[in-house]
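Construct all of the structure, not just a fragment, from the sequences and the given hints.
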Amino acid sequence: LSGTFPRRLQVRAAVARGDIASAEIASREARNFSFISLAVGIAAIVLCTILTVVIIIAAQHHDNDWDP
Numbered sequence: 001l002s003g004t005f006p007r008r009l010q011v012r013a014a015v016a017r018g019d020i021a022s023a024e025i026a027s028r029e030a031r032n033f034s035f036i037s038l039a040v041g042i043a044a045i046v047l048c049t050i051l052t053v054v055i056i057i058a059a060q061h062h063d064n065d066w067d068p
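The sequence shown: position 7 = 7 (full-length UniProt numbering), numbered continuously.
To be clear, the hints were calculated from the coordinates, so they are not data collected in a lab.
All residues carry an ideal CB built from backbone N, CA and C; glycine is no exception.
Possibly wrong hints are sitting among the right ones.
[As the list claims (entries may be wrong)] Pairwise CB distance ranges, derived in the manner of DEER restraints:
#1 GLY41 - LEU9: 19 to 25 Å
#2 VAL54 - PRO6: 35 to 41 Å
#3 LEU9 - CYS48: 29 to 35 Å
#4 SER27 - ILE57: 32 to 38 Å
#5 GLY18 - ILE56: 56 to 62 Å
Here's what the structure looks like:
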């Protein structure tokens with residue numbers, strides 16, 4: 001059970017078969033995937049926030065250059 005088969009379905013299928021060891025492994029993989037997804041999402045939000053602040057600060061400094 002690998003590839004594109006969703007991790008949560010791997011856990012349910014293994015439990016339904018009575019294969020607790022495979023269910024625990026699939027559960028750990030699902031948890032790790034969730035943590036990685038959360039970390040990537042938080043990093044993206046932080047990056048966007050930093051870029052927005054930098055752009056706003058740069059725009060404020062460049063407004064003075066256009067005054068006649």
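Could you tell me which of the hints above the structure violates, numbers in ascending order?
-> 4
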